[in-house]
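*Asks:* Given chain A's structure and the hints, the job is docking chain B onto it.
These protein sequence lines map, in sequence, to chains A and B. Quick note on numbering: our numbering labels position 81 of the first sequence as 65, and the sequence is numbered without any gaps. Quick note on numbering: our numbering labels position 427 of the second sequence as 411, and the sequence is numbered without any gaps.
None of these hints come from the bench; they were simulated from the model. One thing to keep in mind: the hints can contain errors.
Each pair may be met inside one copy or between any two copies, as identical chains are not told apart.
DSSO-like mimics (lysine-lysine), calculated; alpha carbons at most 27 angstroms apart, straight line [unchecked claim]:
| hint | residue 1 | residue 2 |
| --- | --- | --- |
| 1 | K73 | K265 |
| 2 | K30 | K(-12) |
| 3 | K265 | K222 |
Keep in mind it's a predicted model, so treat the numbers as computed, not measured.
So you can see what is in the structure, the chains are spelled out below.
2 protein chains.
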Amino acid sequence: MAFKVGLLGLGTVGSGTADILLHPAQRHPLLQEIEIYRVGVRSLDKPRAVNLPPHLLTTDLESIVTDPNIDLVVEVMGGLEPARSLMLKAIAHGKHVVTANKAAIARFGDEIFTAANEAGVYVLLEAAVAGGIPVIEPLKQSLCANRIESVTGIVNGTTNYILSRMQAEGSSFDAVLEDAQALGYAEADPTADVDGLDAADKIAILASLAFGGRIKLAEVHCEGIRQVSATDIAYAEKLGFVIKLLATAKRDMVLGSGNYSQDSAKLAQLQVRVHPTLVPKAHPLANVNGVFNAILIEGDPVGQVMFYGPGAGSGPTASAVVSDILNIAAILKVGRGAVVQDGKPLLDPLLACSHQDYCSIAPISDLVTRFYARVLTHDNPGVIGRLGTCFGNHNVSLESVVQIGLEGDRAEIVVITHHVREGNFREALEEIRSFDSVTVPSVLRVI
Amino acid sequence: MAFKVGLLGLGTVGSGTADILLHPAQRHPLLQEIEIYRVGVRSLDKPRAVNLPPHLLTTDLESIVTDPNIDLVVEVMGGLEPARSLMLKAIAHGKHVVTANKAAIARFGDEIFTAANEAGVYVLLEAAVAGGIPVIEPLKQSLCANRIESVTGIVNGTTNYILSRMQAEGSSFDAVLEDAQALGYAEADPTADVDGLDAADKIAILASLAFGGRIKLAEVHCEGIRQVSATDIAYAEKLGFVIKLLATAKRDMVLGSGNYSQDSAKLAQLQVRVHPTLVPKAHPLANVNGVFNAILIEGDPVGQVMFYGPGAGSGPTASAVVSDILNIAAILKVGRGAVVQDGKPLLDPLLACSHQDYCSIAPISDLVTRFYARVLTHDNPGVIGRLGTCFGNHNVSLESVVQIGLEGDRAEIVVITHHVREGNFREALEEIRSFDSVTVPSVLRVI
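Bound-form chain A, shown alone (with noise of 0.2 angstroms):
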């Protein structure tokens, strides 16, 4: 047994991890070179899905990252704290990490990789974005060649579960949310999947790694999906869209060059947001369903490749945790980390992160899209010609305008813009709101 891991949380996650562990047979033979060295929990006495040896169960998570014969943590407890100073102190103490904590990474990746290009040691989180999907590291390693020009996700199960099935049975959001939590699809509070906050953390994780620059999360644009009605779906299906919770990164377009910025600054201006988004039916991620995932990524000169795959569960996860830990191996085990440079092991250059500065991002109201607007009207024969006027005034092309169906007496209109400035198009909205016999219920981005 070559190598000592100490595993940080006994949960969904972690109990996968040691599954794999326990069971090497058929799959790679460097996995019978990894032992399971110490498990922290919280309590001793709790039943658990894989069987260890109870002495290696300790409720002291500090003396796992401290231990002297531990050469990798696994950190599966999830949370921000204690997870974020148990993560830096295991660094301290020259220990490789392995995490699928998406919500600490997003928040104090700066301090945690820092802190490990000090060290001279790896923080790998393949299993913090997409569970099981192959992603983090394709970026890393597979497609380093190219230039980055967006990537696009549908990263959160619960909210795509939720809207494949408002978009097959026509429900309303309510009814198909209670209907998850019994089902345990969704959390009792869902906040964060719902809102979209666990979208925004993962966006931000891939941002950053595509685009080689740290990534604030207060300046990640972020819109959950609780305002998405079954009539939307239904009108955005005549219209050949299906209704995706997209988490977008991209370099920043210049509206009218018609073409990506061949910006020379180090750094690209980027827009990283999260929204609920009409999706074309052929568009590979609209055929992606229920609580599965999948990142789209465009580079120069790749064009787009698409990874799909199940975002969460133990299984995924722990399969992702488990490919991490051995790649760790892999290094230590050949050698890698033999040449020191300024007193400490000099780091892969695609498997570390080396970025220390900002990606410039734009705010939302720079964005360049097209926008789907659902208009309530009482006074039909006048109202379209006065919409015109007022997008037409505020520079907002139309595709479309098409009075689509009767909510009560009132008319329906659907409005689908050509690509537009944001800030534009919300000022038009603010005036058409201000108009008599005029509500815009629905207001969405069209990718």
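*Replies:* Chain B only, in chain A's frame:
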């Protein structure tokens, strides 16, 4: 300039590779440490898509693979010879190799990897399968904790383009092939693509990686798409399927157990095969159209993950080639390989090819699968009963038998079976083909 690359070939992929190396801006900083040191070409006078200093070009390819200044040889010339000999000579001279050559690797992989292990060098081949889509490295690294159960892919863009157009337009194979040739999507001699040989090379490589054993290419069962008719595509569509050329490698399923064999033998018995297949429309591979490729990997505990993107072309393939170059440069930079064992540098156990045994591949007659068969008959009232009895006598259980149309004065009957042993199905089919007034123009497998 730290790492010197010798490029063998300056065609489509070679030019794309040089183009990335000459334009490192906004890509990974490690690219700035890669130098194109020599380029081997057939003719010095040919106009080139990239602008390289003429003194780098040579027609003496041997001088590149033996040049002591070169760290890494990139083989993007294609074909079997002299590619094989040059790679072997480069390895013998202690150079790492990056190749896009699926044909050479599928045939001479044994020889090449044995030599590479002997010399302590890496041979990376991300570009050999599915162009720009990361799949080789994810299989080696990101999914390495899994017991792989199956790899199923659309890995040939030409055939997928032809089948997608036949599906969309209702056209015949011959008509679409001719047009694809005119448009440059199919070669003048389309054999390697349409007969499934290119897909067989690729699935042999993927199977070897997924199941940790070598694969004899001659044992890969291979059927192409020439016999797929517009009629079958239309019927499949009515039944909820699309027809795709799938390349599959799978641990053998034991009929009746309802589960995968958990054989404790070191190497599992595998099915490795390429054939047109009916794919349910809701299956992740069903929506992969045109020249796109996708590979679906099923593992324990990850479940199903899919990789999707452009399977060919200069940019996508060069993306994979240059990423492999950078991965080797990263390894060299930080001293991996510094640990020497038996006089040669120890190779990373995840990235190197360590297996030496051959996988046992089951004969196609032992395959357990569902079938689609289209039967033509003059004697409809009697024939359904006779079909059912004959299949039953051979232990072939039927899911549905439907008279679906008329061709001239003959009734067309479409049969879908449950999972049955291929050998039994073929015996039943032989008997049915001997019936008076019955012909069986199409037989396809169903995923």
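*Asks:* Decide, hint by hint, whether the structure agrees.
*Replies:* Now the hints, each set against the structure:
Taking CA atoms no more than 27 angstroms apart as the test, K73 paired with K265 passes in neither setting, with 48 angstroms inside one copy and 51 angstroms between copies. Within a single copy, K30 and K(-12) get their C-alpha atoms as close as 24 angstroms, which meets the 27 angstroms cut-off; across copies the closest is 57 angstroms, which misses it. Taking identical chains as interchangeable, the C-alpha atoms of K265 and K222 lie at most 27 angstroms apart whether they share a chain (11 angstroms) or sit on different chains (20 angstroms).
In the structure shown, a violation is registered for the earlier hint numbered 1 alone.
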